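Colleague: First to last, the protein sequences are chains A and B.
Counting in the numbering used here, the first sequence runs from 354 upward without gaps.
Counting in the numbering used here, the second sequence runs from 354 upward without gaps.
Treat the hints as calculated values from the structure; they're not laboratory data.
Some clues are possibly wrong.
One copy or two, either will do: identical chains are not told apart, so a pair holds if it fits within one copy or between any two.
Keeping only pairs whose Cα atoms sit at most 20 angstroms apart, straight-line, the calculated DMTMM-like set for lysine to aspartate or glutamate is [unchecked claim]:
hint	residue 1	residue 2
1	K491	D462
2	K491	E481
3	K575	D444
4	K491	E474
5	K596	D511
6	K509	E456
7	K502	E470
8	K509	E449
9	K502	E467
10	K572	E447
11	K491	E456
12	K491	E470
13	K513	E478
14	K509	E442
Since the structure is predicted, the reported quantities are computational estimates derived from the model, not experimental observations.
Protein chains: 2
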Amino acid sequence: MSDEISRGFVDPEKQSLLNHHTEKHFTAGEIVRDIIIGVSDGLTVPFALAAGLSGANASSSIVITAGVAEVAAGAISMGLGGYLSAKSEADHYERELKREQEEIISVPDTEAAEVAEILAEYGVEPHEYAPVVNALRKRPEAWLDFMMKFELGLEKPDPKRALQSAFNIAFSYILGGLVPLLPYMFIPRAQDAVVASAAITIVALLIFGYAKGYFTGNKPVKSAFETALIGAVASAAAFGIAKVIHP
Amino acid sequence: MSDEISRGFVDPEKQSLLNHHTEKHFTAGEIVRDIIIGVSDGLTVPFALAAGLSGANASSSIVITAGVAEVAAGAISMGLGGYLSAKSEADHYERELKREQEEIISVPDTEAAEVAEILAEYGVEPHEYAPVVNALRKRPEAWLDFMMKFELGLEKPDPKRALQSAFNIAFSYILGGLVPLLPYMFIPRAQDAVVASAAITIVALLIFGYAKGYFTGNKPVKSAFETALIGAVASAAAFGIAKVIHP
Chain A
354 MSDEISRGFV DPEKQSLLNH HTEKHFTAGE IVRDIIIGVS DGLTVPFALA
404 AGLSGANASS SIVITAGVAE VAAGAISMGL GGYLSAKSEA DHYERELKRE
454 QEEIISVPDT EAAEVAEILA EYGVEPHEYA PVVNALRKRP EAWLDFMMKF
504 ELGLEKPDPK RALQSAFNIA FSYILGGLVP LLPYMFIPRA QDAVVASAAI
554 TIVALLIFGY AKGYFTGNKP VKSAFETALI GAVASAAAFG IAKVIHP
Chain B
354 MSDEISRGFV DPEKQSLLNH HTEKHFTAGE IVRDIIIGVS DGLTVPFALA
404 AGLSGANASS SIVITAGVAE VAAGAISMGL GGYLSAKSEA DHYERELKRE
454 QEEIISVPDT EAAEVAEILA EYGVEPHEYA PVVNALRKRP EAWLDFMMKF
504 ELGLEKPDPK RALQSAFNIA FSYILGGLVP LLPYMFIPRA QDAVVASAAI
554 TIVALLIFGY AKGYFTGNKP VKSAFETALI GAVASAAAFG IAKVIHP
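The shape of chain A in the complex, shown without the other chains (with noise of 0.2 angstroms):
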């Protein structure tokens, strides 16, 4: 690639090869991922909040309106800033790529050395690591994405995940959040309420909490009283503060 350089111009097939990258596609995986962001928050902060509320002596319809507001916007603080972070993501990715793509084609020795310098770490001498860099030299695309994963550990992200990211943790967070509130809808006394909320809440957690920890490859039943043991010591925490600020 040298002789190129000097006479200052790129191969363009070499060029196109350069722009084709296999995307990350979006995996069960990452559904479960976004579902559990979604529901951890969603079943543990409106129970507290409307358990803390009630132990304050309001209504249930206080509790509601405040209840609802906080999934509101709790599910568009988490889905909009989930996917606008993302996307920055997929910036920041797209200008690692080029400015890779311009080292490559600028300064190939210095690339080349920094695939040595990867390859050393793990104590490969050069006589070893010199036909895999010379392999690398002579696909560009192959270099760009062994830099991309090895040097800067990134991946390209797929433009639409973002979206349905966003979207999976919002109805993720509003499922999860409905569930406490819903006994305050039906019994007027916040007071009543607050007990069948706990009820189906600790419940809610446990099932969650297991499931999380199987899906997660964690043990399910430990797994299952952190994550009520978590909404437990929230909701105490909510309970507290709320007698002490409004008995």
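Keeping the supplied structure of chain A fixed, place chain B upon it in accordance with the hints.
Modeller: Only chain B this time, still in chain A's reference frame:
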């Protein structure tokens, strides 16, 4: 190593080398990330909740009760949830590490084939990657590091980081949440307090969004406006929903 396997034991020096791994250190980048996570939701949700309740004609007293209860619950959910999540990741890493360790000792040819597969993805031919594979086979510790990173994409988490991360996120959420609630503590009529709350929160969101963009390498002005936009949309939704439920 094949003779060691047939003799049924591993050289203790090799085994102890297998037990040594460089830890991923807690960096300023991670503290920034935790602060961003906490403040993003902390500035947005309590503000929106308070604005929604103000629109539903609640008193500042109820707004503060709900707001502070939500901040407590949110901080615990995010903090404790983040901590347990990081602990699960650490446990997952340890399990995967042990499994790779066993595979390297018991089925080194399979593991060597996996290294070959990884390099072959980049168009590297067998005669080109063979010296690298052999180099790794001679260094079990480096080989293990290589498999953890390049096959599984995992890095050894710092055990202290889980706790530190949890505190950072929780504190950030609390600090973020108190900003929009402050006016309600001084202005008894919520419908008046909400104006002050909106003003200081929008400014806080713009500043935070700008800083976020700066630290994450994205356009700061764009980031400032996006962050403020999320706050505006979340509070509009909360306000609208609260007015519908509790006119």
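Colleague: Hints first: check each against the structure and report whether it holds.
Modeller: These are the hints, each one checked on the structure:
1. K491 with D462: within (13 angstroms within a copy, 28 angstroms between copies)
2. K491 with E481: Intra 17 angstroms, inter 12 angstroms, cutoff 20 angstroms: intra and inter.
3. K575 with D444: between (39 angstroms within a copy, 13 angstroms between copies)
4. K491 with E474: Result: close only across copies, 14 angstroms inter versus 23 angstroms intra.
5. K596 with D511: neither (47 angstroms within a copy, 38 angstroms between copies)
6. K509 with E456: Within one copy, since 18 angstroms is at most 20 angstroms while 30 angstroms is not.
7. K502 with E470: both (14 angstroms within a copy, 15 angstroms between copies)
8. K509 with E449: within (11 angstroms within a copy, 25 angstroms between copies)
9. K502 with E467: This pair counts as both: shortest intra-copy Cα distance 13 angstroms, inter-copy 17 angstroms.
10. K572 with E447: between (38 angstroms within a copy, 14 angstroms between copies)
11. K491 with E456: Within one copy only: 15 angstroms inside a chain, 33 angstroms across chains, cut-off 20 angstroms.
12. K491 with E470: both (18 angstroms within a copy, 19 angstroms between copies)
13. K513 with E478: Answer is neither; intra-copy 42 angstroms and inter-copy 34 angstroms both fail.
14. K509 with E442: within (9 angstroms within a copy, 23 angstroms between copies)
In the structure shown, a violation is registered for the earlier hints numbered 5 and 13, in ascending order.
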